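Dock chain B against the given chain A, drawing on the hints supplied.
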Amino acid sequence: MFKKIASLVLALVMILGACLALGSCGGGNDTVKAALICLHGDSSTYDKNFIDAFKTACEKKGVEYTYITDIDEKTICYDKAADFADQGYDVVFADSFGHEPFMLQAAKEFPNVQFCHATGTMAHTENVSNFQNSFASIYQGRYLAGVAAGLKLLELYDTDNDGAIADEEAKIGYVGAWPYAEVVSGYTSFFLGVRSVVANATMEVRYTNSWYDEAAEKTTALALIDNGCKLISQHADSMGAPTACEERNIPNVAYNVATGKNTFVIASRIDWVPYFEYMLDCVINGKDIDTDWTGTLANGAVKITALGAAAAEGTQEKLDEIAAKLKDGSLKVFDCSKFTVKGDHLTEYMADVDTDAGFTADTNVIKTENGVTFFDESTFRSAPYFDIRIDGITEVQ
Amino acid sequence: MDNQQKKQAQVKKEPFFRLVKRDTLPVGKVILIYAIAIVGSLLLSSIICSAFSDKNPLQFFSSLFGGAFGSSRRIWLLLQDTALLLGVAIALVPAFKMKFWNLGGNGQILVSCLAAVACMYYLGGKIPDFLVIILMTVTSILAGAIWGVLPAIFKALFNTNESLFTLMLNYIASGLVAMFISIWVKSGSGVLYPLPNGHFPNLFGSKYLLTIIVFFALAVLMFVYLKYTKQGYEISVVGDSPNTAKYIGIDVKKVIIRTMIISGALCGVVGLFVAGSIEHTVSTASANNMGFTAIMATWLAAFNPLIMMGTCGFIAFVDKGMMEVRSAFGFTNDSIANIVIGLVYFCVIACSFFITYEVKFRKPEARSTKTEGGKPL
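Chains as they are written, first to last, in the working numbering: chain A, 678 to 1074; chain B, 36 to 412.
Just so you know, not all the hints are guaranteed correct.
Unchecked claim - Sample of chain A residues with no beta-carbon within 10 Å of chain B, all distances over it, derived:
#1 H717
#2 K737
#3 N939
#4 E990
What the hints assert, rightly or not - No farther apart than 30 Å at their CA atoms in a straight line, the calculated lysine-lysine pairs in the DSSO-like style are these:
#5 B:K262 with B:K134
#6 B:K288 with B:K132
#7 A:K848 with A:K1019
#8 A:K732 with B:K90
#9 B:K90 with A:K738
#10 B:K242 with A:K785
#11 A:K710 with B:K242
Bear in mind the hints are in silico, worked out from the structure with no lab data behind them.
Note that this is a predicted model, so its numbers are computed, not measured.
Each residue gets a CB set at the ideal place from its N, CA and C atoms; glycine is no exception.
One chain only, chain A, in its complex shape:
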C-alpha cells in the first residue's frame, strides 16, 4: 500500500514539474505586460465596462495582458498587485475606489512598476511617482442623460404641449450606492439635466450602501416607483434597477450599459479606452503617466450610449446641441444660478479635495468665468468632490 501511494505521489510531482516547466515558457522581457484588477466580474456593468475597454486598448497596442476579477477592497488587492509585479508586469490598473490604499502600498514597494487606479483621490497629494489616479467628468454625461430623461417625461405627461407638467408627474427616483461625493455629484448633475427641461422636477434618492447588490438595487428601485417616481436612474453597478423598471414599465436611465430593455432611455458611461491607450503609450515609450488624469466629453472618455427604445423623439438633436456647448465650455453643468442650497445660490464652497481622514474642507471650488459662477468639478482632482445636497432632491436614508 505504502509503495502504491509513494508511486502515486511521485507521479503527481513529476506531472506538476512538467506543468510548471511548460507554463513558465514564453513571454519575453521586451513586450509590455499590463494587468487589470476588478472588484467584481462582468455581471457588474461597472466592471464589464473596464474589462471590455482594457481588452480593446491592450489588443490595439499589442500589449500582453491579463485581468483578475472579484478582488475585494482588502489586502488581497495589494497581494494581487504585488504578485503581478513579481510576475514582471509593467503596469497594474485597479478599478474600484477602495482598492486605492492597497495599490499605493504596492506602488511604494515596486518603484519600477506603474500602478494606476480609477476613481481614487490620493495620487495628487501622495507624490509617489509610479502611482496615478484617473477618472472622467462623468457629470457631463449624466447631465446629458438627464436632459434625455426630462424630454421623456415631457413626452409622457405633457399632453397639451406647453412644456410643463404637473408636480407629481415631475418626480423622479435615483438608486444611489453610497452617500459619497462620486454618487452625489452624479445624481445632482443628472437632476440638473432633467431640470433644464422640466423646471419643476424633484428627485428622491435612496442608497443601497453597496456598489453592487442586485437584489437591493431592485427593491430600492421598486420602492421609489411605489413612492410615485415616474422615471428611475441609478448609480449602482448591477441590472437590478433596470429590471425593476422593466417590470413596472417605468423609463430607466442607466449607467455604463445599454440595457437593451424596452424601458431603456439612455445611459451615460465612461469609455476607458482613451485612458488605457494613453497609459499604455506612456509605459511603452517610458514616459511619465499623468498623476491625475481626467477624461471629458472632449477627449472621448465621457460618452452617452445610443438612444434606447423608450427615448423621446427629438432627443438626439437636443443632446448634440447641448454636448457641443459642454465641449466648448459655454455651458456649465454646475452653474450656480441654476440651483440653490437651502434657498441660496452658492458663492463659495470649500470641498475636501486633498484627502485626509478628518474629511477637512480645503479648497474653494467655486469659480467665475465669463460672467458664469459655477462649481468647478473634476479640475482640482479627477475624482468628484461635489458633495452638496441641493434643493429639490430628497435623500431617504
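Then chain B, alone, in the frame of chain A:
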C-alpha cells in the same frame, strides 16, 4: 390478481441497493480513495475550464499549482490563508464535538475584528503601540467570546436553537460593522482605509510568520485539549449523550457555556489577526466567509485538529490555485471557478461517504428464492 400474488409482489420489493456501514478501512486505503477523488475531480475540472476557454487541461494544472506555489509570496499567502482557516476550524471543533452547531463563526470574527479596529481607531497614535496591541488583543478576544457565549446561554437555559441563533448574530455583527464604518468614514464612501497604528510586528522579517505559527500552535493545543484533558472528555460525553453526561455528574449547562466561550474566543483570535496583522481595517467582508468554509474543514478532518491542518491547506490551495486559473484562462467572472471549487469539494465529500458506507446491491438469484413461504430470507 389474488391475495397470494399480491403478498408475493409486496415482499418482492426488496430495495435494489442498500447502504451498509463499513468496518473501518485501513488508513492507506482511505488516503488512496481520497487521492483518487481529488485527482479525478481536478481532471474533470481541467476539462470543464478548458471547454470554456482556448486553453488546454495541462495549462489548468500548471496554473492551479503555479497559483498556489508559484512564488515565495504565493507560498506565504497560501500558508497564511491556511493558518487563518485553521484558526476558525479549531474554534468550531469543540462546539461541533459537543453537537452545538456554531454557524456564527463569521459574526464572531467580525465583532472581534471590529473591536480590534475600534482600539486602533480611537487609541492609535495617542498611546504607545504595544499598549494598543494589548488592548486590541483583550477586547477582540472578549468580543468574540461574548458573541459565542450569547447563544450558549440561551441554549443552556431555554434550549433555544443554536444554529438559528448563531446565524442571526452574523447579521447583527455585519450591521454593527456597517454602522461603525458609516460613523468613522466621514466622506460617506463606506470604505475605512487601513489604519496606521496597532500593526502586529514582523517575525524574522516576515509579516506572515506570526499568524502561521500562532494558529498552527493553537491547533496542536486544541488537539491536546480535546484528547487528553478532562474538559475535552466532558465535551465528547455531552456531544454523545447529554443524559449520560448528567448521570455521571457533568454539569451540561456549564460545559455548553464554557465550550462556547472557548469557541467564540478562538474566533476572536482570528478576528484579531485579521485586523492587527493583515487588513488593519474592518469591512463587512472581513470574515471572508471563513466561518462557513471552516465547517467543511472540520468535518473532512473528522474533528481532528491535526488533520485539519491538511484539510484547511487543501481548501486554501484550491482557492488560491483557482484564482490563478481564472486569471490565466481569461474568465471575466468567478462563476466557472466557483463551479469547479464546488465540484472538487463535492467529490471529496462524496468519497468520505463511500468510505463510511458500502453500497450493497440486491443479488440477482435472491429474486427467486426470497419469497418462498411468503417470508423474506
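Consistency of the hints with the structure:
Distance check for A:H717 against chain B: the nearest CB is about 8 Å away, which does not clear 10 Å, and the non-interface claim fails. With 10 Å as the threshold on Cβ separation, the claim that A:K737 sits away from chain B holds: the shortest Cβ distance comes to roughly 17 Å. The non-interface label for A:N939 is consistent with chain B: the shortest C-beta to C-beta separation is roughly 26 Å, beyond 10 Å. Non-interface call for A:E990 relative to chain B: holds, since the shortest CB-CB distance, roughly 37 Å, exceeds 10 Å.
For a cut-off of 30 Å, the pair hint linking B:K262 to B:K134 stands: about 16 Å separates their Cα positions. With a CA separation close to 15 Å, the supplied pair B:K288 and B:K132 stays within the 30 Å bound. Simply put, A:K848 and A:K1019 have alpha-carbon atoms about 19 Å apart, close enough for the 30 Å limit, and the pair holds. With a C-alpha separation of about 18 Å, the suggested pairing of A:K732 with B:K90 holds against the 30 Å cut-off.
Simply put, B:K90 and A:K738 have alpha-carbon atoms about 23 Å apart, close enough for the 30 Å limit, and the pair holds. With a CA separation close to 17 Å, the supplied pair B:K242 and A:K785 stays within the 30 Å bound. In summary, the hint linking A:K710 to B:K242 is supported, as the alpha carbons are separated by about 28 Å, within the 30 Å threshold.
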